[in-house]
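> Given the coordinates of chain C, work out where chain B should sit on it, guided by the hints.
Letter by letter, the chains look like this.
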Amino acid sequence: MKKKGLTVTGKQRIAGWTFLTPASLLIFILSFYPMFQALMMSMKTGSSANMKWAPLLFNYKRMFADKLFMRSVGNTFLYLIIQVPIMLILAILLAQILNNKDIKFRGLFRTMVFLPCATSLVSYALIFKSLFATQGLMNSILMNLGIIKENINFLGTPGTAKAIIIIALLWRWTGYNMVFYLAGLQNIEYQVYEAAKIDGANGWQTFWKITVPLLKPTIIMTFIMSINGTLQLFDESVNLTSGGPANSTITMSHYIYNNSFGQGTANFGYASAMSFFVFILVAVLAFINLKVGDTRD
Amino acid sequence: MKRKIVSVVLAATMTMTMLAGCGSSASTGSSAAGSEAAGGAASEAAGSEAAATTADVTSEDEHTLSVYAWDKNFNIPALEAAAADYKANVDPDFNLNIIEQSQSSDVENAITLAASSGDYTTLPDIVLFQDHYFHKYVTDYPDAWQSAGDVDVNWDDFSQEKLSYSTVDGTHYGFPVDNGTVIFAYRTDLLEQAGYTIDDVTGISWDEFDEIGKKVYETTGKYLLSMDGDGNDLVYMMLQAEGASQFKDGAPYIADNETLKRVVETINKLVQDKVLYLANDWSDYTDQTIVNDMVAGVMNGNWIIPTIEQVADNSGKWEITSLPTLDGGKEGYASNGGSSLYITANCQKADLAKDFLAKTFGAGSTATYDAALQNGGVITTSTSAGKSEVYNEGVEYFNNQPIYAKIVEMGANVPVVEQSDFHYSCRSYIAAAIINITNGADVDSELKNAEDQLKFEMGVE
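For the protein sequence lines, the chains are C and B, in the order given. For the first sequence, the tail end lands on 297 under my numbering, and the numbers increase by one without skipping. For the second sequence, the tail end lands on 1461 under my numbering, and the numbers increase by one without skipping.
Calculated from the structure, these hints are not laboratory results. Careful, some of the hints might be misleading.
Claimed, not checked - Each computed EDC-like pair below joins lysine to aspartate or glutamate, with the alpha-carbon atoms no more than 20 Å apart:
no.	chain 1	residue 1	chain 2	residue 2
1	C	Lys61	B	Glu1457
2	B	Lys1214	C	Glu150
3	C	Lys67	B	Asp1442
4	C	Lys44	B	Glu1457
5	C	Lys52	B	Glu1457
6	C	Lys61	B	Asp1452
7	C	Lys149	B	Asp1273
8	B	Lys1274	C	Glu150
9	C	Lys67	B	Asp1444
10	B	Lys1087	B	Asp1119
11	B	Lys1448	C	Asp66
12	C	Lys197	C	Asp102
13	B	Lys1455	C	Glu150
14	B	Lys1317	B	Asp1200
15	C	Lys52	B	Asp1143
16	C	Lys149	B	Glu1218
17	B	Lys1072	B	Glu1100
18	C	Lys162	B	Asp1281
19	C	Lys67	B	Asp1452
20	B	Lys1269	B	Asp1444
Bound-form chain C, shown alone:
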């Protein structure tokens, strides 16, 4: 028998590369190349038909002098700091309750808590908008209960508008995170709880000493996902309040959008620079989170 040109491992290698190349090429062309282009664009300025190289880091310096962008960063972090912890705590509590084997109609309740997640972002934002309109349902209820004397313009007042965005986010995303916790809870052996019970631990202690530590990987994952999602928050700001009143609820992504497609601006250079700022923020926060959550010595 003639000796073939390639060894078995050689053949396997070629097969491996052949399978890998198309996907890698597509990812490279459709994802990495545009990213690189965006990075280049973030160094340029001028109308999009005729972009010129800007002085070094011009757009990046500009964004720190831009009060409106700084306000959008502030708003986003406000949502992040208030909404994410409340949401995750609620989710974990709900998961704990709905994991109880003695509850009747468990499946029904789980579905109900998860259901908001199945609504589209735009439609739920519009529903919240009509709920909290000046002549909306919430105002009528509060009026009839005698809690308020005059209809409140919820979405037209800076403080309440922010609060409503947070409430909307809680409603939309708590169930989503609960599902992760429920899945995580399935992996905890029931014997662990039985052992704790025998040792005389009460519910509170079991929760903090067993459930939370064993759920840690899931908690970290949901944390990173929530931070990532909140930093890129867009739909609620656009559809619920359109960034108003007086830009008091605008988020970073919304401001970036306004700079690229809103009001005929097409300021693509500046918009991509701000996008990279968000990218760095997400990366840094995720990194900190991973480090903090890492229990290995």
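Below, chain B alone, put in the same frame as chain C:
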């Protein structure tokens, strides 16, 4: 071995189909030829909606033009009227392929996209474009347009204020379609309950208006005026009625502008006195305040009329007049919004496009404008077309007042004020300032803030 051959054949077929797919789509994209001539005619016959799905926007047929427009109740009937007019009187083979866009910003994005990629072949021959955006788009994308400077049109027939949007550095680019003249419409029955007539609110000052408004709110519980607080057009309209602008020599003129400061203070006072209601956004403004019958007065460009007319119960109760002014004693005139038709760089049949536009909209053709008014409620800024009979008929909804003739007449009085590429940016910064002021912030510092923000965006010191 057999298996290998099969897999090679399969892979080859797949590659082939992929390549073929790319090839064919590329060819339709660039040539846009034969199929479109038929397609254009068919979609024209079937109405404008079907055309929106075709990717090819221009046709090689010598008698066919394509145009982007966005409102099938308003400007599309006007274009259909012009097409019918040109077909009947000039070119019997003429075809206008109206491609409907869902909103005006789609047209702006189409221009941005084409210009950013440097590929203008995606554009139709003609676009309908918002007046306030046009200067900015000429500055940013000068290559996207063809000037209409050499066209035989009697420009003096049109409102000079309207033309100031479509004229850049003395060169005409656009053909006016509609009219943005601001009307102040009042519910005469509610005014009457408070003891006033339409004459009592004509030619008054904003302070007098405030007094009347308080009385109206007391007796009827309705605000005398409302506006979208997010995109607050009041400032622009009130300033224009004074002949003033938010810009001076190309730079923002806000913090030191005494007239502007008085306007903002007036708006704040109207809000505090419950005469003016600032809605949260545009749909809140139209649906809640106007259609939901919250107000006894509406002040905006006359394109707001169809919104007012949505409340059938109030037919015959409305009448229109001019604007109040800061000092009173005279009538105020302003203009807000509106659009014009422009020829894009992609138009290969510029002569046909210019001839079509010049002989219909440009010539003040009665056939075009009468049908545009009857079918779409589009009002002209052409003085000669405004004299036609259709314009002088009374409108039942407005107590048989001949409002169209009145609007054309008011439009001729609108003062020309300095325009800017940054009109909408300026509007949103001042709108934000006003919201803060009505919530108790200091007027001077808020206006200073707005000016700083706008200067920052414009990159001027």
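> Confirm or reject each hint.
Structure-based check of each hint:
no.: 1; hint: C:Lys61 <-> B:Glu1457; verdict: 14 Å, holds
no.: 2; hint: B:Lys1214 <-> C:Glu150; verdict: 18 Å, holds
no.: 3; hint: C:Lys67 <-> B:Asp1442; verdict: 18 Å, holds
no.: 4; hint: C:Lys44 <-> B:Glu1457; verdict: 16 Å, holds
no.: 5; hint: C:Lys52 <-> B:Glu1457; verdict: 17 Å, holds
no.: 6; hint: C:Lys61 <-> B:Asp1452; verdict: 17 Å, holds
no.: 7; hint: C:Lys149 <-> B:Asp1273; verdict: 18 Å, holds
no.: 8; hint: B:Lys1274 <-> C:Glu150; verdict: 14 Å, holds
no.: 9; hint: C:Lys67 <-> B:Asp1444; verdict: 18 Å, holds
no.: 10; hint: B:Lys1087 <-> B:Asp1119; verdict: 31 Å, violated
no.: 11; hint: B:Lys1448 <-> C:Asp66; verdict: 15 Å, holds
no.: 12; hint: C:Lys197 <-> C:Asp102; verdict: 17 Å, holds
no.: 13; hint: B:Lys1455 <-> C:Glu150; verdict: 39 Å, violated
no.: 14; hint: B:Lys1317 <-> B:Asp1200; verdict: 16 Å, holds
no.: 15; hint: C:Lys52 <-> B:Asp1143; verdict: 17 Å, holds
no.: 16; hint: C:Lys149 <-> B:Glu1218; verdict: 18 Å, holds
no.: 17; hint: B:Lys1072 <-> B:Glu1100; verdict: 8 Å, holds
no.: 18; hint: C:Lys162 <-> B:Asp1281; verdict: 16 Å, holds
no.: 19; hint: C:Lys67 <-> B:Asp1452; verdict: 10 Å, holds
no.: 20; hint: B:Lys1269 <-> B:Asp1444; verdict: 15 Å, holds
Checked against the numbered hints listed earlier, the structure breaks hints 10 and 13; every other hint is satisfied.
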